[in-house]
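Residue strings, one per chain:
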Amino acid sequence: MSLSSLPYQRLTYLENFGHSLRAASYLYKPTTPEQIAEIFQFAKKNGLSVTLRGAGRSYNDAALNGGGIVMDIQDMNRILEWNPSTGVIKAEPGVTLQKLWQHVLPDGWWPPVVSGTMYTTLGGCLGMNIHGKNNYKMGTIGEHVIELTALLPTGAEVTCSPSHNADLFYALISGMGMLGVFTSITMQMKKVYSGLLEVHAFPAHNLHEHLNAIAETAPTHDYTVGWLDSTATGSGLGRGQLHTAKYLHEGEDPNPKQTLQVSYQTLPSNLFWVFPKSIIHYFMAPFMNNPGVWLINTAKYIASLRESRYRQAHAAFHFLLDYVPNWEKAYGRGGLIQYQSFLPKETAEDAWRELLTLSHKRGLPSYLGVTKRHRPDKFLLSHAVDGFSLALDFKVTASNRARLRDMLQEFDRIVLEAGGRFYFAKNSETTPETALRFLGKETVERFKALKRRTDPHNLLESDLFRRVFGSL
Amino acid sequence: MPDPRLPAATPLRPRRTAIVVGASSGIGAALTRKLAAEGYTVAAVARRADLLETLCAEINAAHGEARALPFPHDVTDYDSVPATLQKILRTFGHLDLFVYNAGIQHHVRLDEFDFEKDRAMLETNLLGAVAWLNPVGAMFHALKAGHIVGISSVAGDRGRIGAPAYNASKAALTTYLESLRNRLTRRGVTVTTIKPGFVDTDILRAAPKKNFFWLITSEQAAEGIWKAIRARKQTAYVPPQWGLLMLIIRHIPSFIFRRLSF
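If you read the sequences in order, they're chains A and B. 1 is the number of the first residue of the first sequence in the numbering used here; add one for each residue after it. 1 is the number of the first residue of the second sequence in the numbering used here; add one for each residue after it.
Honestly, the hints are just simulated from the structure, not real lab data. Glycine included, C-beta positions come from ideal geometry on N, C-alpha and C. Hints should not be assumed to be uniformly reliable.
Unchecked claim - Capping the alpha-carbon separation at 20 Å, the derived lysine to any residue pairs in SDA-like fashion look like this:
#1 LYS44(A) x ALA83(B)
#2 LYS44(A) x LYS87(B)
#3 LYS44(A) x ASN182(B)
As the list claims (entries may be wrong) - Computed footprint of chain B on chain A, listed as stretches where at least three residues anywhere in the stretch have a Cβ under 8 Å from a Cβ of chain B:
#4 11-19
#5 399-411
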């Protein structure tokens with residue numbers, strides 16, 4: 001290999017969303033399928049691996065490839081076709097959920113499934129097969145894809161749908177970008193008659209009440225999400241606040257023309273009209289420690305004791321994570337990690353009681369807890385169960401790393417014994433053994449067989465893939 | 001596929017990484033041990049694979065985990081440098097510290113003028129360094145981060161009677177590192193030049209005369225180098241008293257220096 005064959009000038013440090021990992025990669029930003037094919041050729045010739053990256057919002061190493069190529073698809077961001085009468089849209093993979101909802105909402109449509117941030121790309125959303133606060137009702141985002149085209153590392157272009165090339169369809173979606181590159185995605189949007197949702201906020205006083213409330217409201221509401229006070233102990237363990245929401249029926253919004261406008265949905269850029277939101281994370285930082293977070297969580301819980309009903313814009317309800325820009329930076333130098341577990345409804349309560357109690361016993365409380373209701377789906381690398389999920393954010397510091405690692409290993413054991421699963425866009429410490437156990441040998445073998453077919457030279461590899469599937 | 005020798009880096013198992021070129025013995029081996037003890041994962045690069053294997057096995061056994069990985073490579077095989085560097089980058093995922101320590105000294109008599117001996121010294125001490133520092137410099141330049149350490153020598157501060165090529169190789173390395181520093185500081189990269197005095201290594205053991213003073217062990221040298229690395233120094237004499245001595249020696253006028261026999 002000669003010096004000139006490696007594009008050193010493209011080397012860039014890329015991070016995960018939590019700023020807790022970094023990797024040096026050769027960064028490419030293709031805009032056409034032809035350029036993607038050229039990058040694959042170059043990678044093959046030089047013995048480099050390729051990882052796909054969208055907005056880089058994964059909490060772990062899903063979009064990192066230390067010492068390899070990262071193909072950032074954000075510049076492939078055209079909306080190719082939009083039919084406002086049927087709600088069917090065709091777009092390139094770099095289109096963000098922000099661009100998507102802003103394109104379709106004025107015509108009375110909303111993406112059927114969105115993440116907690118609108119900055120994710122469609123390609124990334126499908127690679128991880130994201131879910132939203134409506135997972136129990138609407139499934140994952142992949143269930144709303146009518147058709148997709150993908151470029152495989154072999155150079156072949158494939159068209160997939162639930163009925164055509166179905167095996168690839170159900171594996172490309174959820175396949176972590178390890179089987180091919182989406183080049184176009186055709187999706188069905190959800191008809192809405194207002195830019196507002198009917199929201200109901202009410203408290204849950206303990207874990208039992210919390211999970212019961214989610215289980216009861218999820219089938220009857222369009223959206224259900226719980227905030228869990230992860231600092232509460234004793235009889236208040238698992239307490240929190242539920243938010244449920246329903247779409248407005250036709251005629252319920254007196255002025256849908258106004259509420260469906262993008263400008264009506266946009267989050268305010270200043271807090272109290274004065275402070276630009278971009279600086280709020282600096283003011284959050286001093287509170288990001290055990291006592292500070294206890295104070296914030298407790299205050300939030302007390303405030304949530306008053307039940308309330310109100311109408312709220314879609315964007316404000318869904319994209320809580322975008323409310324404070326760069327909030328993740330408030331976690332400081334070590335960044336943050338998220339531990340999300342998916343548990344069957346029968347075992348969730350006991351297992352999470354154990355998790356939360358253990359975190360308090362070890363003096364490593366989570367700083368934010370979020371709960372949701374889920375149902376299984378047909379995708380190959382599925383994280384879903386007929387049950388619940390609990391996402392716990394943890395601050396990482398130089399002094400707590402080793403203890404946190406030990407604790408998360410215990411968490412994994414508890415979750416696996418309770419029949420739980422994990423999500424490849426979130427957890428950063430999942431081991432090959434854990435993945436094998438919750439996915440099952442047959443699923444791993446099927447995934448590997450498909451990978452051999454679409455990527456015989458193993459060009460697509462991410463740090464996540466090597467960590468979890470490298471030795472399987 | 002992942003390197004089976006190394007667990008994956010995660011937010012809870014982060015990794016500081018270093019390359020030590022010329023790691024098989026002497027200062028390089030001691031520095032590899034020191035960096036591993038300070039928590040680095042070290043790519044140990046040297047020609048002698050068996051020595052590297054032994055060193056890495058010893059370090060990894062002491063820490064109970066992989067902290068040093070052997071990468072056999074001959075620094076005068078210039079064409080293979082980019083591939084070796086890429087292999088290490090792939091294994092580590094990123095690179096924090098690069099140390100060029102490879103160095104040889106062939107002792108020449110005062111009446112000896114041997115091109116082969118001189119060439120060997122210039123190739124290992126200087127051209128090998130340049131072969132590594134180009135791709136490493138290009139990487140750190142692009143990444144806007146990194147730390148380069150070159151093990152030069154007090155011998156590079158003057159051209160002495162007994163070691164023309166060795167002195168020249170170290171003087172050139174010092175100057176090369178200075179240029180690199182001026183290029184890369186503005187990109188957020190630190191370049192440290194280390195100038196050890198007498199260190200009890202194979203080089204000294206082979207010397208015909210044994211009139212050494214301020215003699216230190218390789219471990220003491222590694223300790224001094226680590227201090228300079230941690231302080232992100234630009235130039236450091238090891239041990240530090242050499243700084244004062246060399247200040248004087250550098251200012252000895254030529255008409256006197258010509259008559260000296262050291």
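Okay, the hints, checked on the actual structure:
1. The suggested pairing of LYS44(A) with ALA83(B) holds, with an alpha-carbon distance near 15 Å, which does not exceed 20 Å.
2. Distance restraint check for LYS44(A) and LYS87(B): the Cα-Cα separation of roughly 15 Å lies within the 20 Å cut-off, and the hinted pair is therefore satisfied.
3. For the hint linking LYS44(A) to ASN182(B), the alpha-carbon distance of about 36 Å lies beyond 20 Å, and the restraint is violated.
4. With a cut-off of 8 Å between beta carbons, the segment 11-19 of chain A has 5 residues touching chain B; three or more are needed, and the interface restraint holds.
5. Only residues whose C-beta sits within less than 8 Å of a C-beta in chain B count toward coverage, and the segment 399-411 of chain A has 5 of them, enough to reach three; the restraint holds.
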